[in-house]
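Asks: For reference, the chains in residue letters:
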Amino acid sequence: MLLQLRDIGGKKSMNRIHKAFENKKAFIGFLTAGDPVLDKTVDYILDMEQAGASLIEIGIPFSDPIAEGPTIQEANVRALKNKVTTDDVFEMVKKVREKSDIPLCFMTYLNVVFHYGYDAFFKKCQEVGIDGIILPDLPYEESQEVKDVCYNYDVTLISMIAPTSKDRVEMIAKDAKGFIYLVSSMGVTGTREDTSFANNLEEIINHIHQVTDTPVAIGFGINKPEQVKEFKQYADGVIVGSAIVNIIKEHGAKADEPLKEYIQLLTNEL
Amino acid sequence: MKGRYGIHGGQYIPETLMSEIHKIEETYEFYKNDPAFNDELNTLLKEYAGRPSLLYYAKKMTEDLGGAKIYLKREDLNHTGSHKINNVLGQALMAKKMGKTRIIAETGAGQHGVATATAAALLGLECEIFMGKEDTDRQALNVYRMELLGAKVHPVTTGTMTLKDAVNEAMREWTKRVDDTMYVLGSVMGPHPFPMMVRDFQSVISKEAREQILEYEGKLPTAVMACVGGGSNAMGMFYNFINDKDVKLIGCEAAGKGVDTALTAATIATGSLGVFHGMKSYFCQDKYGQIAPVYSISAGLDYPGIGPEHAYLHDTKRAQYVPVTDDEAVDAFEYIAKTEGIICAIESAHAIAHAIKIAPTMKKDDILIVCLSGRGDKDVAAIARYRGKEIYE
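Sequences listed follow chains F and R, in order. Quick note on our numbering: the first sequence kicks off at 1 and runs consecutively. Quick note on our numbering: the second sequence kicks off at 1 and runs consecutively.
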């Protein structure tokens with residue numbers, strides 16, 4: 001497979017995240033590693049790629065995921081009951097990389113990374129082919145301790161912006177790399193009705209676009225084709241998590257087909 | 001560095017909450033030196049909460065143990081029955097100043113929940129309390145107390161269904177509704193400015209105790225002690241003695257069935273450095289950083305972390321942290337009832353247990369102040385069951 005090399009700070013970067021946004025709107029799918037079992041996580045990532053996903057967010061399970069609603073909380077519980085560890089997730093990613101070059105980001109909580117050791121963790125990310133990481137409990141002000149390490153290993157720390165960010169938008173956007181994760185609404189993850197999305201998303205995205213070329217993807221609550229259609233008008237991508245996790249919960253180890261169908265339904269709108 | 005205690009502390013929370021937490025910081029920085037705010041708070045503390053609390057000379061206990069002179073700082077005599085009211089009145093008053101109409105809080109034993117519900121009733125705020133399902137069962141009386149005060153109590157059924165999960169759920173609720181809601185955190189934990197703010201509001205304990213002991217004894221104590229879960233009564237008891245280098249500071253952690261078992265909540269004894277609930281500090285966790293399902297007979301100490309300033313006092317060896325088991329705490333609970341006629345909270349009994357251990361080894365002119373953080377009515381049925389008597393509330 002031919003990897004596109006980009007020149008970053010004199011070092012050749014093999015980071016794949018930009019490919020998710022090249023000449024298209026990105027569809028980012030999330031699943032929790034090890035739910036229902038790690039081998040199926042490999043299959044489901046490949047299924048989503050086949051159905052048109054352009055980047056996959058892999059949740060490393062954590063005991064206390066404070067930014068998640070019930071759906072993803074329960075997926076974390078299921079994965080941890082299966083005794084899935086961070087090392088197991090790295091092994092799983094290796095298996096994905098034998099078959100796919102799709103951009104991959106981890107989504108987890110800072111303690112998982114901190115306790116593994118920043119250096120050991122990001123070194124391992126680079127080894128297995130992880131391109132980025134999303135840490136919902138690491139705001140801009142505390143992010144330097146992670147940035148100091150992850151960029152040594154060509155792993156991008158994804159910045160988050162929320163409807164409440166207000167005068168923080170510019171500060172965060174200026175520094176953002178890979179893509180910006182725009183939180184669609186107040187609260188935790190979980191499927192939402194259209195009325196509960198914040199009404200200032202377009203305004204925030206316009207503001208971000210004035211400051212940086214880094215693309216913006218909207219996440220939290222998105223689960224319907226109409227929502228994708230709406231958001232693609234101003235966002236560079238959409239992120240779908242809980243709706244995917246619900247399908248996996250419902251179908252367990254037999255979710256391949258329903259998952260592909262669902263992703264296709266949404267990616268058709270992009 | 002702002003909001004740091006050595007390497008500990010910080011603000012590790014979702015972006016959604018960052019603007020709000022900065023607003024709380026600014027509001028607190030303004031009001032902490034505002035004479036009108038302080039007058040209002042001090043009036044409430046005096047006329048509503050019943051401060052200053054007594055510093056009581058435990059003569060019988062002293063004579064029985066035959067060593068250091070023991071004083072008890074009677075936070076159990078405050079309105080609502082614990083030290084929690086000191087902090088809650090401060091934060092609830094701030095919530096009013098910020099134009100909030102609703103306060104939410106986590107609670108373990110229910111003491112903080114009751115205090116929060118009380119302040120909400122008094123100040124006309126809507127109130128919702130998050131409490132682990134396990135704790136709503138073992139502290140049923142406090143649940144009803146909160147409901148009587150007009151609060152809505154949400155039993156939390158996720159995770160271990162105890163204090164840590166109640167904090168998770170309160171934080172999730174806060175991210176849903178920050179505009180009209182203030183999260184009244186109950187301990188010296190969470191993201192900055194909570195550890196500092198809660199400490200400041202609780203420091204009235206040591207401010208009074210220091211003045212009282214100087215008045216009674218003409219000298220400072222040899223040691224001050226308190227139980228530690230998140231650590232708010234301990235931080236309040238320690239704070240004004242930190243600069244008195246000769247005064248020992250001793251925090252008593254809940255060892256549960258013992259620090260060599262998995263059934264423990266002793267963070268300093270068994271935990272390691274981590275980042276959780278908004279702060280860098282010590283936490284009970286496994287080798288992959290999964291937070292451990294901790295255990296203690298005391299719902300108020302049944303927490304897998306410790307406030308960042310305690311972590312710092314431990315690192316710098318300014319304070320000492322010791323584990324106390326369920327058995328020792330229950331023995332102490334019964335001992336102080338029979339010796340002094342005081343039924344204290346099972347949390348506070350952890351500090352009493354350690355006092356029982358060390359007082360006899362000290363000299364007669366040594367002085368020990370133990371913070372009696374709360375009263376024990378809420379624990380009576382559980383202690384009876386611990387002793388094999390089937391009493392239900």
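No lab work stands behind these hints, which were simulated from the structure alone. Some hints here could point you the wrong way.
[What the hints assert, rightly or not] Keeping only pairs whose Cα atoms sit at most 27 Å apart, straight-line, the calculated BS3-like set for lysine-lysine is:
#: 1; chain 1: R; residue 1: Lys100; chain 2: F; residue 2: Lys166
#: 2; chain 1: F; residue 1: Lys166; chain 2: R; residue 2: Lys338
#: 3; chain 1: F; residue 1: Lys166; chain 2: R; residue 2: Lys23
#: 4; chain 1: F; residue 1: Lys124; chain 2: R; residue 2: Lys176
#: 5; chain 1: R; residue 1: Lys257; chain 2: F; residue 2: Lys81
#: 6; chain 1: F; residue 1: Lys123; chain 2: F; residue 2: Lys147
#: 7; chain 1: R; residue 1: Lys357; chain 2: F; residue 2: Lys174
#: 8; chain 1: R; residue 1: Lys60; chain 2: R; residue 2: Lys287
#: 9; chain 1: R; residue 1: Lys176; chain 2: F; residue 2: Lys232
#: 10; chain 1: F; residue 1: Lys147; chain 2: R; residue 2: Lys245
#: 11; chain 1: R; residue 1: Lys176; chain 2: F; residue 2: Lys83
#: 12; chain 1: R; residue 1: Lys363; chain 2: R; residue 2: Lys245
#: 13; chain 1: F; residue 1: Lys166; chain 2: R; residue 2: Lys363
#: 14; chain 1: R; residue 1: Lys2; chain 2: F; residue 2: Lys166
#: 15; chain 1: R; residue 1: Lys287; chain 2: F; residue 2: Lys94
#: 16; chain 1: R; residue 1: Lys287; chain 2: F; residue 2: Lys123
#: 17; chain 1: F; residue 1: Lys147; chain 2: F; residue 2: Lys81
Values in this document were obtained by computation on a predicted structure and should not be read as measured data.
Asks: Are the hints correct? Go through all of them and say.
Replies: Status of each hint after checking the structure:
1. Lys100(R) with Lys166(F): Holds. Lys100(R) to Lys166(F) sits at ~19 Å (cutoff 27 Å).
2. Lys166(F) with Lys338(R): violated, 59 Å
3. Lys166(F) with Lys23(R): Holds, at about 12 Å.
4. Lys124(F) with Lys176(R): violated, 35 Å
5. Lys257(R) with Lys81(F): It holds: about 24 Å lies between the C-alpha atoms, which stays within 27 Å.
6. Lys123(F) with Lys147(F): Measuring from Cα to Cα gives roughly 13 Å; hence the hint holds.
7. Lys357(R) with Lys174(F): Judged against 27 Å, a Cα distance of about 58 Å means the pair is violated.
8. Lys60(R) with Lys287(R): Violated - the C-alpha atoms of Lys287(R) and Lys60(R) are around 47 Å apart, more than 27 Å.
9. Lys176(R) with Lys232(F): It holds: about 25 Å lies between the C-alpha atoms, which stays within 27 Å.
10. Lys147(F) with Lys245(R): violated, 39 Å
11. Lys176(R) with Lys83(F): Violated. Lys176(R) to Lys83(F) sits at ~31 Å, over the 27 Å cutoff.
12. Lys363(R) with Lys245(R): holds, 19 Å
13. Lys166(F) with Lys363(R): violated, 60 Å
14. Lys2(R) with Lys166(F): holds, 22 Å
15. Lys287(R) with Lys94(F): Distance of about 22 Å is within 27 Å: holds.
16. Lys287(R) with Lys123(F): The given pair, whose Cα atoms are some 18 Å apart, holds under the 27 Å limit.
17. Lys147(F) with Lys81(F): With a Cα-Cα distance of about 32 Å, the restraint between Lys147(F) and Lys81(F) is violated, given a limit of 27 Å.
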